[in-house]
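Work from the hints to combine the two standalone chains into their complex.
The primary structure of each chain is shown beneath.
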Amino acid sequence: MPRIEELGEVITIDMLIVGGSIGGLSTAIRAKEESPDLNILVVDKQTVGWSGAAPRGGMVIWVLSPEDDIERLMEFHVNNLGCFLNDQELLFEYSRGAYNAIEKIAEWGVAMPRDDGGNIEITKVFQPPHFNPDYWSYVCVDTDLLVPLRKTARQKGVKILNKVQVVELLKEEDRVIGAVGFNIVDGRFYIFKAKTTVLANGLCGNREGLYAASCGEGVAAAYRAGAEMRNAEFSNMVMFGMRGGYTSVGTYYTISFINKPPMYTLMSNASGERLSNLYDTNPAGGNFLLNIENEINEGRGPIYIDVEESMLKNQTDILETKSHWPRKKFTSIERRHMDKVKKYGKNPIPKAEAEFKVMSNCSPVKVDHHMKTTLEGLWAIGDTSMGGSSWAGAIVAPPGGMCGSGLGNAMFAALRGAPSATRYALETETPEIKYSDVKSIKEKIFAPMGRKKGLSPDEAILALKEATSPIKYYLHRNKTNLEKALSKIEEVKLKLSDLYAEDYHGLCKCHEVSSMTLGPELNFMAALTRTESRGTHFREDYPERDDKNWLKWIIIKQEAGKMKAHTEPVPIEKYKIKLV
Amino acid sequence: MLKKIARIEIDSDACSGCKQCIEACFMDVIRWDEDLQKSSAAYPEDCQLCLFCEDACPEQCIEVIPPW
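Just so you know, the sequences run in chain order A and B. Residues in the first sequence are numbered from 1 upward in steps of one, following my numbering. Residues in the second sequence are numbered from 1 upward in steps of one, following my numbering.
Bound conformation, chain B alone (with noise of 0.2 Å):
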C-alpha cells in the first residue's frame, strides 16, 4: 500500500533563502539546494503536516497541500 504523501509547494521566485523554513522542519523534509540557492521540498513524504515551515517563512511562499 503506496503512503499518501502532502504536496509542498515553494514559490522559488518569492524565496528569499532565508533558510528558516529548513530551520523549523522537524523532519528533513526541506532541504538547501545549492544549485538553485533556494529551499526545496526534498523528501515531501516524511511531512507530518505540522506547518511550521509555512509558518517560519517571512515571505510566505511556502504552501503545504494535505494528501486528504
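The following block holds chain A by itself, in its conformation from the complex (with noise of 0.2 Å):
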C-alpha cells in the first residue's frame, strides 16, 4: 500500500496557521498563551515578519479609547455604515475589544507611542472636523510591527515555515484536518496535518497595491471545502490615487462610496471648485464615486487631488507632530516614494490628477463570533472573515468604514479566535488522512506546470481585470449588467484550465488567480441576489432600500459544484439599535 509519505513531507501539528501576518501570529502567540505545549506552525508564501498587507498600510490601528462611548459609535456605525447588516454583539465585541488588542501587542513587544504616564498614547484623527467624531482614534505603530511579533512567537516555540503556498484544504466528511501546499521556489510538497486549521492569509484581492499579495487562496479553499460565506455583495473597494505619478502602495487611498465625503475636501475639479463645496459631505449623504462620475460626465473633469493637503502629505506629518512618536521604518519608506516622485514623476506636484480603481476585496468567511467557519475544524481570521464576520455589516470591510480597521480586526479576531481554535485541538485527536484524496489534489496543483503553452497567470490576470473591472458592475448594477460580468468570469474560468506554470513562481501565480475569480464571483452573485441598494451596493434597478424584505444576510455556499446563495435573516430583535 503505497504511503502517504511518497507524495510529500508530512507534517503533523496541532494548530497550521495559514498566513503570517499580524493576524497569524497574533493567533499563534495567543495560541500558545492557552496552551504553552500546543504544538503550531505558522505558514507563509512569502516571508513571515514582512508578509501580508499588515506591513504597508497606512500604520494606524483604530482604536476607542477606554473612555469614549461604544454606544454612540455603534449608534453612528449601524446606522451610517453597516446600515442594519451588522451583528451587533460583535461589532459592541470589536468596539471593546479593539484596546485590549492594542495593549496585547505591545505586550507581545510591538512599539507605539507612550504619554509620560506610560499609557498607549491615543491620536485623534486627521480628518475633517465636520466627520470627525471623537471615536475616530488611533494608536500609531511603524512598518516593521511584525517583526517583534515573529520573535515573541519563535520564543514562544511557534514553528514558521516560509515560501510555501497552501493551496487546498484536507477534509475528512464536514471536518477539514489540514491542507496542502508547495514551496514556492523549489516545488516541495508538503501535507500538513492537523487536528485544527486557521485561515489567516488574507482576502479576495485582485493583486495590486497593498493587498497584491492578497488573492484569497484561503477564501477561496474554504468555499471549495463547502464553507459558508456571508456579505460578498458589499465588497467593493474603490481606490484612489494620483494618475502616472505617485502610484505606490501607501498612496491609493481605500475609500467606500458612502461614508468618505471628506475626501471631497481634498479634490476639486477642472474649474478648481472644491468637490466638498458642491457635494454633501453629511457621512450618509449620497454616493461618493457617483458624485465625481457626475462631475466628469458634466465636463467638468478631470478631478484633481490637492498634493499639499492630502493625507499624502500630512498623514505622517499630522501623525507624528500629535504623538510625537516618530515611526522610522514609515517615515524612511515615504521619503523614499516623495523621492520617486521627485526623480520620476512627470506630473506636477502639488496638482495631480485622481485616478479610481474599483474592484471586489471579498474577505467572505462567515464566522461566529469565535471566528470559527461554518466547517469543523476550520476557523478563519483578520481580512479572510472581516465582512463574513459581518460586524461591520453593509460596507467593504476592511476598512469596515474606518481607517486601520484591517489592523484592529486582524487583532481583535486573533484574540477572539485563538482560544476557541486551541480548544478545539486539545480536545480531538490527529486525523488520518488518506493518501488517494492528496494524490489527486497534488496532481491538480501540479498541473499548470505540466503544460507547455496555453494560458499564461500573468494573461489570466489580465483577462480576469478586464473581465471584472468596468465600473458598472459596482456602481450602476442591474440585473442585466450583473448576469453579463457573471457571464464574462464564466469565461475567463473555463481559459484557467489551460493555465501553465514555466516555475514554482508561476505555479504559484496561477493558483492565485484561481482563487481571485472567486471574490467578484461571489460579489455579483451576492449582488444579483440582493433586490435592493443598501450601503456599499447600489442597484439601478432596485434604487431604495427594501427594510421590509432585505434586512438579511445574503449566504453563498458551493453545493454539488455550483455557486448556491440563500437569505438568514439578521435578529434585529434581539440586538440592541433598532430601526426607527
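Hints in this document: simulated from the structure, not taken from any laboratory. From the three backbone atoms N, C-alpha and C, an ideal C-beta is built for every residue, glycine too. It is possible that part of the hints are untrue.
With a cut-off of at most 27 Å between alpha-carbon atoms, the simulated BS3-like pairs for lysine-lysine come out as follows [unchecked claim]: (1) A:Lys439 - B:Lys4; (2) A:Lys495 - B:Lys4; (3) B:Lys19 - A:Lys564; (4) B:Lys4 - A:Lys452; (5) A:Lys156 - B:Lys19; (6) A:Lys329 - B:Lys19; (7) A:Lys479 - A:Lys495; (8) A:Lys343 - B:Lys4; (9) B:Lys38 - A:Lys151; (10) A:Lys453 - B:Lys4; (11) B:Lys4 - A:Lys488; (12) A:Lys488 - A:Lys444; (13) A:Lys159 - B:Lys4; (14) A:Lys479 - A:Lys465; (15) A:Lys151 - A:Lys193; (16) A:Lys479 - A:Lys557; (17) A:Lys151 - B:Lys4; (18) A:Lys576 - A:Lys479; (19) A:Lys442 - A:Lys495.
Cβ-Cβ distance ranges computed for the label pairs, FRET-style [what the hints assert, rightly or not]: (20) A:Gly117 - B:Gln37: 43 to 53 Å; (21) B:Glu45 - A:Asp498: 41 to 51 Å; (22) A:Lys493 - B:Lys19: 36 to 46 Å.
Listed next, the stretches of chain A that the computed footprint assigns to chain B, with coverage defined by at least 3 CB atoms under 8 Å from CB atoms of chain B [what the hints assert, rightly or not]: (23) 2-14; (24) 42-53; (25) 75-87.
In C-alpha cells form, the structure reads like this:
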C-alpha cells in the first residue's frame, strides 16, 4: 500500500495557521498563551515578518479609547455604515476589544507611542472636523511591527515555514483536517496534518497595491471545502491615487462609497471648485463616486487631488506631530516614495489627476463570534473573514468604514479565535489523511507545470481584471449587467484550465489567479440576489433600501459544484439598535 | 496590452548577500542567485513599488525604478 510520505513531506501539528501577518502571528502567540505545549506551525507564501498587507498600510490601528462611548459609535456605525446589517453583538465586542488587542500586541513587543505616564497614546483623527466624531482614534505603529511579533512567536515555540503556498484544505467528511501546499522556490510538496486549521492569509483581492499578495487562496480553499460566505455584495473596494505619478502601495487610499465624503475636501474639478463645496459631506449623504462621475460627465473633469493638502503629505506629519512619536521605518519608506516622485514623476506636484479603481476586495468567510467557520476544525480570522463576520455590515471590509480597522480587526479576531481554536485542538484526535485524496489534489495543484503552452498567469490576471473591472458592475448595477459580469467570469474560468507555469513562482501565480476569480464572482452573485440598494451596494433597478424585505444576510456556498445563494434574517429583534 | 514593469537594479558588487531584501519583498520579486551568491531581481513584473527592499538593504545597493 503506498505511503502518504511518498507524495511529499508530512508535517503533523496541533494547529496549522495559514498566513503569518499580524492576524496569523497574533493567533499563534495567543494560542501558546492558552496552551504552551500546543504544537503550532505558521505557514506563509512569503517571509513571515514582512509578508501580507499589514506592514504596507497607513500604520495606524483604529481604536476606541477606554473613555470613549461605545454606544455612540454603535449608533453611528449601524445607522450610517453598516445600515443595520451589522452583527451588533460582534460590533460591540470589536469596539470594546480593540483597545485590549492593542495592549496585548504591545505586551508582545510591538512599539507604540506612550504618554508621560507610560500609557499607550491614542491619537485623535486627522480627518476634517465635520467628519470627526471623537471616536475616530488611532494608535500609531511602525511598518516593522511584525518583526517583534515573529520574535515573540518563536520564543514561545511557534514554528514558521516560509515560501510555502497553501492551496487546498484536506477534509474528512465535514471536518477540515489540515491542508496541502508547495514551496514556491523549489516545488517541494507539503502535507499538513492538523487538528485545527486557521486561515489568516488575507482577502480575495485583485493583486494590486497594498493587497497585492492577498489573492484569496484561503477564502477560495474554504469555499471549495464547503464553507459558507456572507456579505460578498458589499465587497466593492474603491481606491484612489494619482494618475501616472505617485502610484505606490501606500498612496492608494482605500475608500468606500458612502463613508468618505471628506475626501472631497482633497479634490477639485477642472474649474478649481472644491468638491466639498458642491456635494453633501454628511457621511451618509450621497454616493461619493457617483458624484465624481457626474462632474466628469458634466464636462468638469478631470478631478484633481490637492497633494499639498492631502493626507499624502499630512498623514505622516500630523500623526507624528500629534503623537511626538516618529515612525522611523514608515517615514523612511514614505520619503523614498516622495523621492521617486521627484526623480521619475511626470505630473506636476502639487496637483495630480485622480485615478480611481473599483474592485472586489472580498473577505467573506462566514464566522461565528469566535471566528469559527461553518466547517468543523476550520477558523478564519482577519481579512479572510472581516466581511463574513458581519460586525461591519453593509460596507466594504476592510476598512469597514474606519481607517486602521483592518489591523484592528485582525488582532481582535486573533484574540477571539485563538482560545476557541486551541480548545478544539486539545479536545480532538490527530486526523488520518487518505493517500488517494492527497494524490489527486497534488496532481491538480501541479497540473499547470505539465503544460508547455496555454494561458500564462499574467495573461489570466489581465483577462480577469478586464472582465471584472468595468465600473458599471460596481456603481451601476442591474440585473442585466450583473448577469453579463457573471458570464464574463465564467469565460475567464473556462480559460483557466489552460493555465501553464514555467516555474514554481509561476505556479503560485496560477493558484493566485484561480483564487482571485472567486471574489468578484461572489460579489456579483450576491449583488444579483440582493434586489435593493443598501450600503456600498447600489442597484439601478432597485434604487431604494427595502427594510421590509431585506434585513437579511446573503449566504453563498458551493453545492454540487455550483454557487448557491440563500438568505438568513438579521436577528434585529435581539439587537440593541432598532430600526426606527 | 503589455503591462509596464518596474526595473530593479541591484549593484552586485556592493551586495553583501545578507538576503534582507528577499525577506522584505512580499511578492517574491527578489530571489537568491546561487551562482552569484547575491540577490537578484528575478520577477520584476510582480513588483508593487512598495520599496521595502530598498529600505531593507544595509548597503543601499538597490534601486527600484518605477515604470512611469
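With the threshold set at 27 Å, check whether the alpha-carbon distance from lysine 38 (chain B) to lysine 151 (chain A) stays at or below it. Between lysine 38 (chain B) and lysine 151 (chain A) the Cα gap is close to 26 Å, so the pair holds against 27 Å.
What's the verdict on lysine 151 (chain A) and lysine 4 (chain B), does the C-alpha distance respect the 27 Å limit or exceed it? Cα-Cα ~38 Å, so violated.
Quick one: see if chain B covers the stretch 42-53 of chain A, three-plus residues with Cβ-Cβ under 8 Å. As far as the stretch 42-53 of chain A goes, the hint holds, because 7 residues have Cβ atoms under 8 Å from chain B.
Checking one constraint from the list: CA of lysine 159 (chain A) to CA of lysine 4 (chain B), max 27 Å. Satisfied? With a Cα-Cα distance of about 39 Å, the restraint between lysine 159 (chain A) and lysine 4 (chain B) is violated, given a limit of 27 Å.
So does glycine 117 (chain A) sit 43 to 53 Å from glutamine 37 (chain B), Cβ to Cβ? holds (51 Å)
Within 27 Å, alpha carbon to alpha carbon, are lysine 4 (chain B) and lysine 452 (chain A)? This hinted pair holds, its Cα atoms lying about 25 Å apart.
Please verify whether lysine 479 (chain A) and lysine 465 (chain A) have alpha carbons no more than 27 Å apart. holds (21 Å)
Decide if the proposed pair is consistent with the structure: lysine 479 (chain A) and lysine 495 (chain A), CA atoms, cutoff 27 Å inclusive. holds (25 Å)
Holds or violated: lysine 453 (chain A) to lysine 4 (chain B), with C-alpha atoms at most 27 Å apart: Holds: lysine 453 (chain A) and lysine 4 (chain B) sit about 23 Å apart, inside 27 Å.
Taking 8 Å as the C-beta cutoff, is the stated coverage of the stretch 75-87 of chain A by chain B satisfied by three or more residues? violated (count 0)
Holds or violated: lysine 479 (chain A) and lysine 557 (chain A), Cα atoms, limit 27 Å. This hinted pair holds, its Cα atoms lying about 21 Å apart.
For a C-alpha distance cap of 27 Å, please report whether lysine 343 (chain A) and lysine 4 (chain B) respect it. holds (18 Å)
The structure shown violates the earlier hints numbered 1, 3, 13, 17, 18, 21, 23, 25.
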